[in-house]
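Peer 1: Listed below, chain by chain, are the residues.
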Amino acid sequence: MGTTRGLQGAYRLGVPDALQVPLWRAIAVFRFASMAFVVVSVIRNIRDYTHPVAAVPAVAVLVLWSAATAALYARPAWRKWPLLVADLLVTLALLLATPWVVGRAALDAGAPTLAVAWQAGPVLTWAVSGGRRRGAVAALILGAADLIVRDKLTQSSITGLMLMLLAGVAVGHVARLTVESEQRLQRAAELEAAGRERERLARGIHDSVLQVLAMVQRRGAHLDGEAGELARLAGEQEAALRALIATSVPAGELAGPDVDLRTVLDRYAAPEVSIAAPATPVLLPAQLAKEVGAAVGAALDNVARHCTAGTRAWVLLEDEPDGVIVSVRDDGPGIAEGRLAEAAGQGRLGVAQSIRGRIADLGGTVEIVSGRGQGTEVELRVPRVTP
Amino acid sequence: MTRVMVVDDHPMWREGVARDLTEAGFEVVATTGEGRQAVRIAGAALPDVVVLDLQLPDTSGVEVISGLLAAVPGVRVLMLSASGEQQSVLDAVKAGATGYLVKSASSQEFLEAVRRTAAGDAVFTPGLAGLVLGEYRRLATAPDEADDDGAPKLTDRETEVLRLVAKGLSYRQIAERLGLSHRTVQNHVQNTLGKLQLHNRVELTRYAIERGLDDA
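If you're matching them up, the sequences are chains A and B in order. Read in order, the letters of the first sequence correspond to residues 438 to 824 in our numbering. Read in order, the letters of the second sequence correspond to residues 7 to 222 in our numbering.
Chain A extracted, bound-state conformation (with noise of 0.2 Å):
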C-alpha cells in the first residue's frame, strides 16, 4: 500500500518512467548483494587458485563495476545502448577470466566462477530496459559463456542457465507491465485534468457569455431586421454553448463501453430543437447510441429540410425498464395521409424509410403518426438488447 502511494506520488510530480524507478534500485541491490557473495566465494576458495594474486584485480573490477552500473543507470539518459553492451562485455570478460585464474582443477573440483550469480546482472539491466526478448538474449550469451567456461556439462550450470533465461523473460514481462500502467496512469490523470478544466469554463462561461446571449435573445426578438437577426443569431449560439458546457466529462470516455444517450442527443439541441430526457443518465451500448443518436439526426434532418424556416422540434427521450423510447416531434405542416405509402410504392425510399431501416436492424420499431396541420411524430422504439 506505501509503496502504490509512493509510486502514485512520484508520478504526480512528473517524472518520466517513474514507475520503472523501483525496478532500477532493486537491480542496484541485487549486484551488491551478489557481488559480497563473489567476494565471500573468493575468499573462500583462493587456495585452490591457480593465479590467486590476479584474483584481487577480478574483484576490485566486480566491486568498482557494481558502483559504476548502480550510479550511471539511476540516471534514465543512461539507459541506453552503450552502457549495456558494456554491462554486458564486462560481464563477460570477468566470466572467461575464470578458466585462467581459478585454473581447471579447482572449478572441476567445484569452484564457483567469478560472476556467479553477479551475472545475472546485465540479464536484468537488458530485461528491464528492453522487455522479454532483451532479458532472453542477455541471458542466452551469458549462460553459454558460462558453459564454455565450464567446459562439461553438469546439472548445476543447465539449471543456472534455465533460472537466468527465465529471470530475463519474467523481469522483462513485468517492466513492460510499469510501461503500460504508466501510460494508463497518464490518460487518467488526463481525462481527470480535462474534466476539471472543463466544469471551470463551463461555471465560468454560465456566469457570463450565456447569460449575455439570452439577455440580447431576449431584447431583441420581436425586432425586426438585423436586429432580430443578431438576436437569433445569440440564442443559436446561446443553446449551442449550453449543450457544449451541460456535460461534464464525455461520457463514453470514462464510463466504458455504455454511453449516456442524453449527452448524444443533447448535441442537436438549438432554439428552435427542445430536449427532453430524465434527470438520471440513460446508458446503452456505445454503438446502440450511435444508432439511435443518428436516427434522430436524420429525423431532424428531415424537419429542416420539409418544412419552412422556424418549424419548431421536440425530441423526448424515455428510459423504460426494457428498452428506450424517442419521440421527435415537429410543428411543421404534417405529412398527408397516404404520402408515406406513396413514395414508398414509387421506389423513394426517403428519410422516413432509412429511419426505419436503421432502428429495424436495432431490433426496434418505428411509428411515425401525422396528419394534415398536426405536424409529424416519429416514434422509435429501441430494446437494450440487440437480437
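Source of the hints: derived by calculation from the structure; they are not laboratory data. From the three backbone atoms N, C-alpha and C, an ideal C-beta is built for every residue, glycine too. Careful: at least some of the hints might be erroneous.
[As the list claims (entries may be wrong)] Label pairs and their in silico Cβ distance ranges:
#	chain 1	residue 1	chain 2	residue 2	range
1	B	Glu-21	A	His-659	13 to 21 Å
2	B	Thr-211	A	Ala-723	38 to 46 Å
3	B	Glu-166	A	Arg-821	17 to 25 Å
4	B	Glu-166	A	Val-616	54 to 62 Å
5	A	Asp-661	B	Thr-28	18 to 26 Å
6	B	Glu-115	A	Leu-681	43 to 51 Å
7	B	Arg-46	A	Asp-661	40 to 48 Å
8	A	Gln-724	B	Asp-162	43 to 51 Å
9	B	Arg-46	A	Glu-757	41 to 49 Å
10	B	Ile-215	A	Ser-645	41 to 49 Å
[Unchecked claim] If you only want the chain B side, here are some residues facing chain A, beta carbon under 8 Å, derived:
#	residue
11	Met-18
12	Gly-22
13	Arg-25
14	Thr-28
15	Ser-112
16	Gly-133
17	Gly-136
18	Thr-147
19	Ala-148
20	Thr-161
21	Arg-169
22	Ala-172
23	Leu-186
Assemble chain B onto chain A, guided by the hints.
Peer 2: Just chain B now, kept in the frame of chain A:
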C-alpha cells in the same frame, strides 16, 4: 396587483427582467442576487411570485425554495435556468417550485409564465415534463421504492398528458387531441407535480423521524 420578487445573480439580467415586469403591470417588490438574502427579505416583501435563477453563487435552489416557502407560505416559485442542469431543476420542483422556464424564452413567454404561476398554474416546459416522467419511472423501478406503497404513481391519463407536454403540445392542443377540457388537462399536469412534492415532503419527514430529528 401581483407582487413579484426577482432573484438572480446577474445584475444586467435582473434589471432587464424587473423592467419587463414593471412595464407589464406587475409590482416588483424586491430584487436580489443572493439566495440567502432572498429568504431573509421575503418575509417583509411578501411576494406572490418569486422569479428565481436556479444557479445562485451562495446556495442551492432547493435551499432557497424551502426557505421561501417557510418564510411566505403559499408563495409561488417560477424558476429560470440558463443551462439545462437537469437534476437541479428536478430537485427544485420536488422542493416546491411550480414553474420552470429556460432563460432563452422570449419576453412574452416569460410574462405569460409569471401570470400563470401567479394564477396557481403549473408552468411546464417540455424539458421539465421529460424530467418528471423520468422521475416517476425511476421511483417505479428503484428497488427500495418498488414494494413501498408510498411511491407516487401516474395514472395512465396523466402519463399520456405529460408525454404530450414533453413533445411540445400546448394544453389547448392536448385538450383537442384527447377530447378533454383545457381545465382538465391543466389539472392533470398539476397533479403530477403535486404528487411528487407530497412524496418529497413525506420522505423528508420519514427521514427526519428515522434520524430522531423530530425531537430536536
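Peer 1: Return the numbers of the hints above that this structure violates; sort them in rising order.
Peer 2: Those not satisfied are hints 6, 8, 13, 14, 19, 20, 23.
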